[in-house]
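Enquirer: For reference, the chains in residue letters:
Number of protein chains: 2
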Amino acid sequence: MEEKKITARGRATRQRIIEATGEQILAAGIGGTTLDTVRAATLTSKSQLFHYFPGGKTELVREVATWEGQQLLEAQEPFVHDLSTWESWNQWRAALVEYYLGLGRWACPIGSLATQAAMTDPDLEAFLGASMSDWRDLLAAGVTKMQAAGQIDREVDPQRIAVVILAAIQGGLVLSQPMRSAWPLEAALDSALEPLHQAALADRRVPSSPPADA
Amino acid sequence: MEEKKITARGRATRQRIIEATGEQILAAGIGGTTLDTVRAATLTSKSQLFHYFPGGKTELVREVATWEGQQLLEAQEPFVHDLSTWESWNQWRAALVEYYLGLGRWACPIGSLATQAAMTDPDLEAFLGASMSDWRDLLAAGVTKMQAAGQIDREVDPQRIAVVILAAIQGGLVLSQPMRSAWPLEAALDSALEPLHQAALADRRVPSSPPADA
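In order, the protein sequences belong to chains D and X.
Following full-length UniProt numbering, the numbering of the first sequence begins with 1 at its first residue and continues without gaps.
Following full-length UniProt numbering, the numbering of the second sequence begins with 1 at its first residue and continues without gaps.
No lab work stands behind these hints: they were computed from the structure.
Treat the hints with caution; some may be incorrect.
Computed footprint of chain D on chain X; a stretch qualifies when at least three of its residues, placed anywhere within it, have a C-beta under 8 Å from a C-beta of chain D [as the list claims (entries may be wrong)]:
(1) 24-31
(2) 158-170
Label pairs and their calculated CB-CB ranges [what the hints assert, rightly or not]:
(3) D/Tyr99 with X/Trp67: 32 to 40 Å
(4) X/Leu35 with D/Arg11: 28 to 36 Å
(5) D/Thr34 with X/Ala130: 43 to 51 Å
(6) D/Gln48 with X/Gln198: 52 to 60 Å
(7) X/Asp157 with D/Asn90: 39 to 47 Å
(8) D/Ala182 with X/Gln198: 36 to 44 Å
(9) X/Gln70 with D/Gln48: 24 to 32 Å
(10) D/Arg11 with X/Gln48: 51 to 59 Å
(11) D/Glu59 with X/Glu74: 37 to 45 Å
(12) X/Glu74 with D/Arg11: 53 to 61 Å
(13) X/Ala28 with D/Val97: 30 to 38 Å
A virtual CB, placed ideally from N, CA and C, is assigned to each residue, including glycine.
I would like the entire structure built from these sequences, with the hints used as guidance.
Expert: Written out as structure tokens, the structure reads:
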């Protein structure tokens with residue numbers, strides 16, 4: 001056994017197992033995914049699975065959650081770390097909708113895992129809650145940047161706007177799924193972004209600092 | 001066998017099984033609920049279960065979905081069938097939040113079932129999609145009544161507002177669950193209701209018909 005020295009080939013196999021499991025969970029749920037279905041899909045042996053994931057299904061599902069979170073975040077880059085201009089917000093919105101379209105099914109891997117974990121796996125639920133919270137903080141940071149740049153009203157609460165946007169994404173997907181259509185997601189997302197735009201109008205009407213040439 | 005003559009006692013037993021199964025599904029998911037766990041929780045025999053639910057788990061889960069939908073709708077009565085005044089909308093909002101609070105966990109039985117069904121049971125998914133659609137129609141009908149009464153702008157799209165409100169409820173719950181707090185749900189819901197209030201302001205500024213005493 002040379003567990004500490006993981007070869008490039010070993011890393012690739014491990015990653016292949018994680019991605020295949022992620023696909024299965026998205027299609028059949030955590031409950032419909034077992035080590036046997038993963039073995040069948042990845043043509044791996046039981047000893048290989050336990051070599052890469054000594055903690056078994058629990059560890060594998062946790063690695064899937066980590067990987068899905070990374071994918072979701074990467075899909076929003078570089079905009080989600082900027083969000084300091086209206087253009088950046090628009091590009092972020094487009095990239096996010098594109099990501100869900102590309103998945104081929106209307107579901108947020110993270111939100112859907114969170115709903116399932118709440119019923120079965122408190123540790124995974126806490127981990128996904130923290131992922132959601134990090135995501136919310138990125139959006140809130142964007143709102144704060146817009147405020148600092150004088151683009152929107154300093155009175156609006158960045159965390160509140162961020163939670164409303166995240167809720168719109170998650171709930172929009174719950175409705176987009178049975179309708180097999182992007183429009184509930186897009187309607188919810190645009191409605192959640194509307195307060196930002198309104199804060200911009202308010203700011204133009206009542207500047208928080210006197211205009212230089214007034 | 002006297003299957004056609006169901007006694008009051010038989011109906012009560014059947015209902016007791018449906019409610020206990022609903023509790024289990026909310027706590028452990030569809031995947032974590034089996035006829036064996038239902039038998040254990042309800043102290044019924046296998047033959048009793050199949051007497052009341054000849055289609056087994058599939059039929060039982062479908063009956064749970066029907067019952068949960070009725071409970072959710074009843075919790076919103078009588079307001080959800082009115083929604084013709086601002087007061088009715090406010091009472092509806094309060095009743096809905098109260099209902100989710102009363103469940104003791106932040107999850108929509110219908111939304112959570114829909115997320116699970118999308119991965120495992122296309123018939124159940126279609127049934128829940130229809131429930132969501134009926135719910136959306138009730139909210140859209142309320143918006144239309146407000147428009148007819150001249151309370152809000154006739155330009156707003158009732159179906160769009162309705163889908164945004166439903167998405168806020170479902171997504172708000174996805175965020176309220178890990179945070180064990182009502183605030184994401186309430187923030188999302190209030191933000192989704194905001195366009196209604198803004199349509200009211202617009203209507204007051206630009207009446208769609210000339211004021212009688214102008």
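Enquirer: All the hints need checking, so say for each whether the structure fits it.
Expert: Outcome of the hint check:
no. : hint                               : result
1   : 24-31                              : holds (count 6)
2   : 158-170                            : holds (count 8)
3   : D/Tyr99 with X/Trp67: 32 to 40 Å   : holds (36 Å)
4   : X/Leu35 with D/Arg11: 28 to 36 Å   : violated (43 Å)
5   : D/Thr34 with X/Ala130: 43 to 51 Å  : violated (31 Å)
6   : D/Gln48 with X/Gln198: 52 to 60 Å  : holds (58 Å)
7   : X/Asp157 with D/Asn90: 39 to 47 Å  : violated (22 Å)
8   : D/Ala182 with X/Gln198: 36 to 44 Å : violated (25 Å)
9   : X/Gln70 with D/Gln48: 24 to 32 Å   : violated (49 Å)
10  : D/Arg11 with X/Gln48: 51 to 59 Å   : holds (54 Å)
11  : D/Glu59 with X/Glu74: 37 to 45 Å   : holds (43 Å)
12  : X/Glu74 with D/Arg11: 53 to 61 Å   : holds (54 Å)
13  : X/Ala28 with D/Val97: 30 to 38 Å   : holds (33 Å)
The structure is inconsistent with the numbered hints 4, 5, 7, 8 and 9, although it conforms to all the rest.
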